[in-house]
Each structure stands twice: as structure tokens, then as C-alpha cells.
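Colleague: Sequence:
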Amino acid sequence: MANALAFVKGRMWTELYILLRIQVAIVREQWIWIFIMATIFPLTTLLFMKFMYGVSSGQIMVNVIVGNIVFAIIMMGFNALGQEISWQKHAGYFTFYSSLPISKAIFVVTQLVRGLMTAMPSVIIMAFIGQFAYGIKLHYEWGLIPVFLLAVLSMVGIGAGIGFWSPDHQMTNMLVQGLMMFVGFLSPVMMEASQLPPVLRYIGVIFPTTYSASALREMLTKGWTPAVTMDMFVLIGFIIVSFAFISRMISWRAAE
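When we follow our numbering, the leftmost residue of the sequence shown carries the number 1, and every step to the right adds one.
These are computed hints drawn from the structure, not numbers from a lab. Keep in mind that the hints are not guaranteed to be accurate.
FRET-style restraints, in silico, Cβ to Cβ [unchecked claim]:
1) 168 <-> 221: 26 to 32 Å
2) 48 <-> 14: 46 to 52 Å
3) 91 <-> 199: 45 to 51 Å
4) 48 <-> 18: 42 to 48 Å
5) 47 <-> 87: 28 to 34 Å
All C-beta atoms in this analysis are idealised placements derived from N, C-alpha and C, irrespective of residue type, glycine included.
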């Protein structure tokens with residue numbers, strides 16, 4: 001029994017290592033385009049708001065910076081990854097993967113890690129550029145690392161889920177583009193929930209970006225508070241649900 005468990009565990013680590021190397025190679029080949037895609041839209045939005053509003057209150061500036069950090073996550077962890085997985089699915093890549101002796105769960109984990117690799121550089125860049133662009137002092141501490149990781153993984157999970165589920169690639173494009181704009185500008189991302197109409201405030205509860213933005217605002221202004229802890233638990237819940245959805249309810253093949 002012990003030998004069998006050791007064999008299974010060793011095989012899982014081998015699968016994970018091989019698939020991670022594939023994802024790292026893909027990111028390494030495309031890193032310049034990934035960097036441009038993940039940075040240009042949040043950066044232009046950040047500068048646009050700087051030019052339009054000039055010097056505003058510190059809290060407004062924090063909201064703008066946090067909003068653009070979260071928008072960078074939406075761009076790569078949700079939009080780009082969802083479209084990439086959908087394209088792979090409908091191009092028949094998953095038929096090839098399904099013929100290999102690999103676990104779907106391991107494959108999903110590597111896709112999530114890929115989304116993390118593509119989104120994290122932009123998150124870090126936006127955090128530092130935003131501080132210098134607006135000339136405000138933000139609070140940085142080690143607790144930001146798990147907040148960033150959970151914020152990225154929660155959106156990566158949803159993006160991957162849409163990509164795996166998509167009935168066709170055109171539907172995926174329309175869905176992720178529409179959701180990206182709605183979540184970015186009509187949910188508590190660029191602004192606080194109290195500034196939104198009640199209907200949008202309630203709708204925002206179902207998106208992980210609401211909790212990511214809330215946690216980042218607290219961390220960048222006050223540090224780790226009980227509110228951040230609650231947001232972290234909610235984000236972990238989103239990650240678990242999205243991973244379970246992808247692993248158990250999505251077929252490998254586009255025709256299934």
C-alpha cells in the first residue's frame with residue numbers, strides 16, 4: 001500500500017514538473033507581448049485619470065491605483081487566460097492532452113500557475129508606478145504577497161473556468177470582454193462600494209475582484225486588519241470553487 005501511494009505521489013510530481021516546464025516555456029517565448037498586454041491598458045488608464053483629475057484626495061488616489069492593479073489582474077488572469085484556454089480547447093489541443101497519461105487536475109493547476117506568472121509582474125509594476133505617478137505614500141509589507149497571490153488566483157480560476165466551459169471561441173471572446181469592462185468599471189474596483197448604486201453594489205458581491213480590491217485598499221493604507229482576513233477567506237473560497245468546477249465538470253474535448 002505504501003509503495004502504491006509513493007508511486008502515485010511520484011507520478012503526480014512528475015506530471016506537474018513536465019507540464020509546468022511547458023507553461024514556463026510558453027511564457028518565456030511570449031513574455032514581451034504578455035508584459036505589453038498586461039501593462040498598457042492599466043497604465044494608460046492610470047495616466048488618463050492623472051491628467052484628467054490632477055491632484056485629488058489620498059483615498060481617491062488609492063482607489064485609482066488599486067483599481068488599476070486589479071484591472072491588470074483582470075486583463076491577464078481572466079481575459080487573456082480565458083481566451084487562450086478556449087482557443088486551445090477548440091483547436092483540439094485538449095484531445096492531445098487527454099490521450100496522455102496525465103491528470104486533469106494537474107493540468108488545471110499548471111494553467112492556474114501560468115495565469116499567475118503572466119499577471120503578477122503587472123500587479124507589481126502597477127503598484128509602484130501608481131505610487132510615483134500620484135506622489136502618495138503607500139503602506140507596503142510582507143502581507144501584500146499572499147493578498148496579491150490570492151487576488152490573482154481567484155480571477156485566474158474564473159478565467160480558466162470560462163475557457164474550459166466555452167461552447168465556442170467567439171462566445172468566449174464576447175463573454176470575457178463584456179465581463180472585463182463590467183467588472184472593471186461597474187463593480188467596487190475603481191471606486192468603493194458606497195459610491196455605486198445599490199443594484200451594482202449587490203451584483204459586485206459575486207465577483208472576487210470586489211474582495212481583492214477591498215483587501216488591497218486596506219493593505220496599502222492601514223496594513224493587515226480583520227477586514228483583510230475576511231476578504232482572504234472569501235478569495236480562498238472562490239479559488240476552491242473554481243478549481244472544483246474546472247476539475248470535475250469540464251470535459252477535455254471540444255466535442256463533448
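Colleague: Each hint: holds or not?
Modeller: Going down the list of hints, with the structure as the test:
Between residue 168 and residue 221 the CB atoms are about 44 Å apart, so this pair departs from the stated range of 26 to 32 Å. A C-beta distance of roughly 48 Å is found between residue 48 and residue 14, which places it inside the suggested range of 46 to 52 Å. With their beta carbons about 39 Å apart, residue 91 and residue 199 fall outside the hinted range of 45 to 51 Å. Range check, residue 48 to residue 18: Cβ separation about 43 Å, and the 42 to 48 Å hint holds.
Distance hint check for residue 47 and residue 87: the Cβ-Cβ separation is about 31 Å, which falls inside the suggested range of 28 to 34 Å.
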